[in-house]
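> The residues making up each chain are set out below.
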Amino acid sequence: MDRFHYLIALARTAQRASFALRIAFLLQAGFMVVNNLLFFSIWWVLLQRFPSIGGYTLADMALLYGLCAAGFGVAAVVCGGMFQLGRHIGDGDLDALLCQPRNVLWRALASHSQASGFGDIVSGLLLIGLSGHTDAAHIPLVLLAVLLSATTFVAVCVMAQALVFWLGRIERLSRSLFEFVLTLATQPPTLFSGGIKLLLFTLLPAAFAGHVPAALIRNCDARDLALASCGTLLYTAGAVWLFGRGLRHYASGSRFGVWA
Amino acid sequence: MTGFPIHITSLTLDGEKYWAVWALSFRQRFAQPAVLLASAGYYVLVLCVFAKLYQVLLAQEPAGAAGAREYLWYIAITEWIICAMPRFHLDIEQDVRLGELAYQLTRPTSYLGFRLSIAGAELCANLLLLGVVGVAVACALVGPPADPGVLLEALPLAVLASLLWVLCTAAIGLTAFWVQDTQPLYWIFQKGVFVLGGLLVPLHLYPDWMRQAAIALPFSALLYTPARVVFGTDASGYGLSLAQSLLWCALAALLLRFVHGRALRTLDLHGG
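Protein chains in written order, with numbering that gives the first Met the number 0: chain A, 0 to 259; chain B, 0 to 271.
It is worth saying that the hints were derived from the structure and are not from the lab.
Quick reminder that beta carbons are idealized off the backbone N, C-alpha and C, glycines included.
Hints should not be assumed to be uniformly reliable.
If you want the footprint, here are the derived chain B segments under chain A, 3+ residues with CB under 8 Å [to be verified]:
hint, stretch
1, 34–45
2, 191–202
To be clear about the criterion: a stretch of chain A counts as covered by chain B if any three or more of its residues have a C-beta under 8 Å from a C-beta of chain B, and this derived list gives those stretches [what the hints assert, rightly or not]:
hint, stretch
3, 45–56
4, 64–76
Turn these sequences into a full structure, and let the hints guide you.
Laid out in structure tokens, this is it:
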């Protein structure tokens, strides 16, 4: 089986596991839609009172928040195993994957799919549609932006979780690092300047996860496309490299386990 | 003649058990520096972001950035309560789902009392640490409040709000007996608190219809009531806020007792 078909088979297996409990799946997805729309209503309340946030209007916020929600949702559906990566490293569960003739990182990421991710995707696309920044001609750009956002989220999560290789059981800290990026990505970029803005393009790449892809949809600018693509590729390469280095440090947990 | 002293002794012994659980959990919390660092780091991040947000928003107003200090102290209090909340509904859900609850029932403590003691300890440790961090960071960002006494006024309301949240979270956790996955229910509760409790925007900035709905519901007691003291309140308003918070805590305790009773009855009927 070639690599592409292997990845497709992995994703289908994870999806089937996710759909197995229909009621639980529908509850998780449905409540996540409500969850995201409720949280977005805070921005609606704020922007009813104030005209804009440094020029960022409600439509811009809907586009940014929707894009981040959809990107996170795609990441959670396709690579849901990223949230447990640190725990698997700490528990020695990677042993079973090291014996398999396939890429360890891919296998670990695609081992699980979060049902709530579908709710994130639906609510995200709904908000993008309601933003008014999109029409039929923008659909390819929207799909590309969502893909870039999702890839950046996966890369950031992998990098944060891979720190467990060296620092030990810090899964909560790794999760918090990822949540920093997620929180910053959903804030209007007009809030940030100077050193903080530099941070968003480097150590905490929230700009590549949310701000730049949103600008790409709004402006249809080749520079935004180049910046978003390069940033995403750089962080993806960094995540793969960091995980590979960490795997050399990995000591077996001598634990017998099965990856379903 | 001997029944009353034995009852008092029984209560004292029960209290000592839960106090021991609380004390151990409190010490354990401070033995996890990575977790504490993560909580404090996220709190600091949120304060910095929203300090900037309100500076930008209020710069557009005719009065300029006046009032930005009060808004940041408002956010500091609401986020202090949010970040300190333990998510122990997942622990209860796991106990129910994996059947570990049955083993807990054989212990000479109430399962609910045990879980509330652990959650209470985690809450106290978080409130203590994040309180110090929050005061330090908010003072560094915008300076102390015009009347530092408002922080002491906010303290008892915040403690009541935290207690209310813990009681509600325990009730949500116990619904695992019926729904298996409590996360969706918790998400809706949490976002209800964020929106109708005025997490980022004080309720007095809401549209009238939304503000009245929020004040009628218990969500406002969880965040808005403790935090709004930074904008100033008179003695009668403060007394009313305290009474409302106590009332909501009493109602939540009754609800929890009801849900707990139904859950144990379900366990008795269906087995562990």
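> Each hint needs a verdict: does it hold in this structure or not?
These are the hints, each one checked on the structure:
Under a criterion of three residues with beta carbons nearer than 8 Å to beta carbons of chain A, the stated coverage of the stretch 34–45 of chain B is upheld, 8 such residues being counted. Residues of the stretch 191–202 of chain B with a Cβ under 8 Å from some Cβ of chain A number 6, which satisfies the need for three, so the listed coverage holds. Residue count for the stretch 45–56 of chain A with a Cβ under 8 Å from a Cβ of chain B: 8. That meets the three needed, and the coverage hint holds. Taking a C-beta to C-beta cut-off of 8 Å, the stretch 64–76 of chain A contributes 0 residues in contact with chain B, too few for the three needed, and the coverage statement is violated.
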